[in-house]
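A.B. asks: Chains A and B supply the protein sequences, listed in that same order.
Each residue of the first sequence is one higher than the one before, counting from 1 in this note's numbering.
Each residue of the second sequence is one higher than the one before, counting from 1 in this note's numbering.
I should point out that these hints are in silico values taken from the structure, not numbers from a laboratory.
The reader is advised that the hints may include incorrect statements.
One copy or two, it doesn't matter: identical chains are merged, so the pair holds either way.
[Stated by the list, open to error] With a Cα cut of at most 20 Å, we get these calculated SDA-like pairs of lysine to any residue:
#1 K189 x N227
#2 K194 x F459
#3 K270 x F149
#4 K10 x Q92
#5 K270 x E8
#6 K357 x E116
#7 K34 x R68
#8 K418 x I121
#9 K418 x T128
#10 K418 x L118
#11 K321 x Y148
#12 K336 x E8
#13 K189 x D458
#14 K270 x Q150
#15 K189 x N229
#16 K321 x Q182
#17 K407 x I121
Number of protein chains: 2
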Amino acid sequence: MTTMTTRELKEQLAGLQGQEVTLRGWIRNHRKQKGLGFIDFYDGTCFRNPQVVYDQTIPDFEAIQALRVGAAIRVTGRVVPSYRDPETPEIQASGIVLEGDSPEDYPLQPKRHTLEFLREIAYLRPRTRLFQAVFRVRSVAAMAIHTYFQDRGYVYVHTPLITGNDAEGAGNTFTVTTLPPQERDDPSKDFFGKPTSLAVTGQLEGETFAMAFSNIYTFGPTFRAENSNTKTHAAEFWMIEPEIAFCDLEQLMDLEEDFLKAIVATVMEKCPDELKFLDQYAGGGLLEKLTALKDSHFARITHEQAITILREAMEKGTEFKFEPVYGGDTAKEHEKYLTEEYFHSPVFIYDWPKEIKAFYMYQNEDGKTVRGVDLLVPGAGELMGGSQREHRYDLLEKRMDEMGVSKEDMYWYLNLRKFGTCVHAGFGMGFERLLIYLTGVENIRDVIPYYRTPMSCDF
Amino acid sequence: MTTMTTRELKEQLAGLQGQEVTLRGWIRNHRKQKGLGFIDFYDGTCFRNPQVVYDQTIPDFEAIQALRVGAAIRVTGRVVPSYRDPETPEIQASGIVLEGDSPEDYPLQPKRHTLEFLREIAYLRPRTRLFQAVFRVRSVAAMAIHTYFQDRGYVYVHTPLITGNDAEGAGNTFTVTTLPPQERDDPSKDFFGKPTSLAVTGQLEGETFAMAFSNIYTFGPTFRAENSNTKTHAAEFWMIEPEIAFCDLEQLMDLEEDFLKAIVATVMEKCPDELKFLDQYAGGGLLEKLTALKDSHFARITHEQAITILREAMEKGTEFKFEPVYGGDTAKEHEKYLTEEYFHSPVFIYDWPKEIKAFYMYQNEDGKTVRGVDLLVPGAGELMGGSQREHRYDLLEKRMDEMGVSKEDMYWYLNLRKFGTCVHAGFGMGFERLLIYLTGVENIRDVIPYYRTPMSCDF
Numbered sequence: 001m002t003t004m005t006t007r008e009l010k011e012q013l014a015g016l017q018g019q020e021v022t023l024r025g026w027i028r029n030h031r032k033q034k035g036l037g038f039i040d041f042y043d044g045t046c047f048r049n050p051q052v053v054y055d056q057t058i059p060d061f062e063a064i065q066a067l068r069v070g071a072a073i074r075v076t077g078r079v080v081p082s083y084r085d086p087e088t089p090e091i092q093a094s095g096i097v098l099e100g101d102s103p104e105d106y107p108l109q110p111k112r113h114t115l116e117f118l119r120e121i122a123y124l125r126p127r128t129r130l131f132q133a134v135f136r137v138r139s140v141a142a143m144a145i146h147t148y149f150q151d152r153g154y155v156y157v158h159t160p161l162i163t164g165n166d167a168e169g170a171g172n173t174f175t176v177t178t179l180p181p182q183e184r185d186d187p188s189k190d191f192f193g194k195p196t197s198l199a200v201t202g203q204l205e206g207e208t209f210a211m212a213f214s215n216i217y218t219f220g221p222t223f224r225a226e227n228s229n230t231k232t233h234a235a236e237f238w239m240i241e242p243e244i245a246f247c248d249l250e251q252l253m254d255l256e257e258d259f260l261k262a263i264v265a266t267v268m269e270k271c272p273d274e275l276k277f278l279d280q281y282a283g284g285g286l287l288e289k290l291t292a293l294k295d296s297h298f299a300r301i302t303h304e305q306a307i308t309i310l311r312e313a314m315e316k317g318t319e320f321k322f323e324p325v326y327g328g329d330t331a332k333e334h335e336k337y338l339t340e341e342y343f344h345s346p347v348f349i350y351d352w353p354k355e356i357k358a359f360y361m362y363q364n365e366d367g368k369t370v371r372g373v374d375l376l377v378p379g380a381g382e383l384m385g386g387s388q389r390e391h392r393y394d395l396l397e398k399r400m401d402e403m404g405v406s407k408e409d410m411y412w413y414l415n416l417r418k419f420g421t422c423v424h425a426g427f428g429m430g431f432e433r434l435l436i437y438l439t440g441v442e443n444i445r446d447v448i449p450y451y452r453t454p455m456s457c458d459f
Numbered sequence: 001m002t003t004m005t006t007r008e009l010k011e012q013l014a015g016l017q018g019q020e021v022t023l024r025g026w027i028r029n030h031r032k033q034k035g036l037g038f039i040d041f042y043d044g045t046c047f048r049n050p051q052v053v054y055d056q057t058i059p060d061f062e063a064i065q066a067l068r069v070g071a072a073i074r075v076t077g078r079v080v081p082s083y084r085d086p087e088t089p090e091i092q093a094s095g096i097v098l099e100g101d102s103p104e105d106y107p108l109q110p111k112r113h114t115l116e117f118l119r120e121i122a123y124l125r126p127r128t129r130l131f132q133a134v135f136r137v138r139s140v141a142a143m144a145i146h147t148y149f150q151d152r153g154y155v156y157v158h159t160p161l162i163t164g165n166d167a168e169g170a171g172n173t174f175t176v177t178t179l180p181p182q183e184r185d186d187p188s189k190d191f192f193g194k195p196t197s198l199a200v201t202g203q204l205e206g207e208t209f210a211m212a213f214s215n216i217y218t219f220g221p222t223f224r225a226e227n228s229n230t231k232t233h234a235a236e237f238w239m240i241e242p243e244i245a246f247c248d249l250e251q252l253m254d255l256e257e258d259f260l261k262a263i264v265a266t267v268m269e270k271c272p273d274e275l276k277f278l279d280q281y282a283g284g285g286l287l288e289k290l291t292a293l294k295d296s297h298f299a300r301i302t303h304e305q306a307i308t309i310l311r312e313a314m315e316k317g318t319e320f321k322f323e324p325v326y327g328g329d330t331a332k333e334h335e336k337y338l339t340e341e342y343f344h345s346p347v348f349i350y351d352w353p354k355e356i357k358a359f360y361m362y363q364n365e366d367g368k369t370v371r372g373v374d375l376l377v378p379g380a381g382e383l384m385g386g387s388q389r390e391h392r393y394d395l396l397e398k399r400m401d402e403m404g405v406s407k408e409d410m411y412w413y414l415n416l417r418k419f420g421t422c423v424h425a426g427f428g429m430g431f432e433r434l435l436i437y438l439t440g441v442e443n444i445r446d447v448i449p450y451y452r453t454p455m456s457c458d459f
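Bound conformation, chain A alone (with noise of 0.2 Å):
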């Protein structure tokens, strides 16, 4: 008798046929029938679950039949065969031993919930088919994105959270303080002697990891006081922001490019049962969206050429709320026609007017445009934004000036410049947004474990 988990039983089960094991884990389901039992028996390891039978020679039969949806139990029995499927396993219970207990209320009843409800039973929720297969598919590609970098010699870097710096002027930071309400006006009391906030992203520190072991990116946690309630928004979210010396802008989108598809295809080949299962719960296309992805060639075009085929698209008759203008930004309906409707495929846009994007991009001979890049993905929108980075000090300087960021506060940045400088380039992706688009789930309080929204910081 061996005792094991879900996941063991599963990956043994030819070679456990017949055999006796022990599985600790809870009910999900439990249908009675005269004289005989089924429970639906999840440990959380494995999302194909085996189905335990027991029939009236078990001990404590009527004991059993009273077990409540939600209880943990410990079940040993025999493995056989499986009529519904051969690869869902089955258990013929000889003992059924009860370790905690679940009341008539317990909330996960087998029915569907909203998932309204299921945000208000956060804590619980994980416990769901949907969330086990959304947070499995979570750690399956965080997994993924390590092991894609590190794979190709990358240095994982932890940057730091609490910052003095008000890195891209955000403005939209959250305040970090010890000091009592009274005294917060005098930051030079405070904890750091100096106002700090949450970092909104890690990028400026990853350089300087970059000027030193060439290729690293950081995996960690970013904080935006944005207030606003979208389904795309969280004030707290993790971004993946890779940074690589002697790279530039056509290098940086081939590394996009293969790390996309890399990440996707590896979350399908570990996860086939989660993906069945969110595919059909988004009623249908994920898997479809998911393939078409790794088999594409991602479009590159200019900010103007992507006016121009939008401008054209109206001439032509489609119909844009907003009116696609050179110079200006993107609308989701732009990048909406561009990626599903003109090029059936993820697209990058690169070259963008300089004055709609950060002063850290480097500045193309034009005078108009910065080496910055978008990745738009049919069904998602934006997934990524990177660029090939200023490493000319006097152009970089001129920049800071002309945007109002401060060189005092940011001297090391600057001097990056002056202490062998190079060509190189990073990209930042929201980690929650490459889970909308790989689960079809669509909010993104839906794939985080405990979301921070404005008015809203629950467990």
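Starting from the known structure of chain A, arrange chain B on it as the hints suggest.
C.D. replies: Below, chain B without anything else, positioned relative to chain A:
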């Protein structure tokens, strides 16, 4: 001619002998002789750096001899056998191009700098040999931890950083707010509509996921607003917190021992050059210490036994500054005696007096002790702290009342004991404490890219 990294060069060294390659990186040192030059070249992808040799036949010989330390260069040349060491690549350069210059007063001249000085230029220190070793070990150890848990089916969980819980009643937390100072006495107007702070642990949320996935781990930043300036305290650090359902204290100790040995083994395997350097830097003893740990058997004693051993030692003449007391905490000197003089191995101390441990630990039948366990390691002190959790509703509720933990705020944590509760356990390990142990570097400020300590939040 292939452009490659020094890592690729080292990996393919045998096959590349006599071939022409191109490398891009920086000058660490430049020694000149009449008609000859030697460049210590690095790009940070590999700790074993090639030497670049050139002579008068190279184009622009004089300009090349003027190249300064810190400059970024592109080197083309033939791979030739090294006289110094067959595993260290040597390049006979046919061309060297300056990519980014470096001034005469570049701070990292080739001499030994103090750690204090290097902290002041923390944005440049990853370029030094020492920090190339430290931060590569940091990255490799992080990956080893992910791999350990993922290989065993654990789900990686991102627990929230901004929290409304004052978990463990720690007190020393950072407040997170978006209110201007004059409005900060009304948290209902704040971003989340209530007081929030930075998390000191992810354990409690981790437990909610262990009750769904059985085996989970966290790996993320953690914050303490402790006003202590020691070598081992930082305000922001990374923690690993696995949580395992159907696991008791004995099994937890098995996991901790296996886990630590596996991480040490992986780092020794993947970073031999870095560890050799660090061993020399620390004056020897590091490799010996790590090898001993891998092969040791970890002792397991109760807190009571530990005190008995310590008191007997005292009676036999060992001098302690603090008297070891039954029911009291142990001091650093006691830990040192137990690991380094008595057992000569890591030591688990378990079954601690309940008064000095957290509310969530499993209460033993004696009414006095709880199933907490600290792992002490020779030369590092406490490395991990864990416990079997109190999974019985009534007993947890009573303990929360006794210790003043709010049942209203923590209803969800208590409820886990109502909805299918089970024996479970977990531990926490400070990642930087592990790194201090792995690298032999003594100060936590030197194993974090950008440290945050009282009055210090730079870069």
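A.B. asks: Each hint: holds or not?
C.D. replies: Here is what the structure says about each hint:
no. : hint        : verdict
1   : K189 x N227 : between (29 Å within a copy, 12 Å between copies)
2   : K194 x F459 : between (30 Å within a copy, 13 Å between copies)
3   : K270 x F149 : both (18 Å within a copy, 15 Å between copies)
4   : K10 x Q92   : within (15 Å within a copy, 56 Å between copies)
5   : K270 x E8   : within (15 Å within a copy, 29 Å between copies)
6   : K357 x E116 : neither (36 Å within a copy, 37 Å between copies)
7   : K34 x R68   : within (17 Å within a copy, 87 Å between copies)
8   : K418 x I121 : between (53 Å within a copy, 14 Å between copies)
9   : K418 x T128 : between (55 Å within a copy, 17 Å between copies)
10  : K418 x L118 : between (53 Å within a copy, 18 Å between copies)
11  : K321 x Y148 : neither (40 Å within a copy, 51 Å between copies)
12  : K336 x E8   : neither (43 Å within a copy, 41 Å between copies)
13  : K189 x D458 : between (31 Å within a copy, 16 Å between copies)
14  : K270 x Q150 : both (18 Å within a copy, 12 Å between copies)
15  : K189 x N229 : between (34 Å within a copy, 16 Å between copies)
16  : K321 x Q182 : neither (48 Å within a copy, 42 Å between copies)
17  : K407 x I121 : between (47 Å within a copy, 16 Å between copies)
In the structure shown, a violation is registered for the earlier hints numbered 6, 11, 12, 16, in ascending order.
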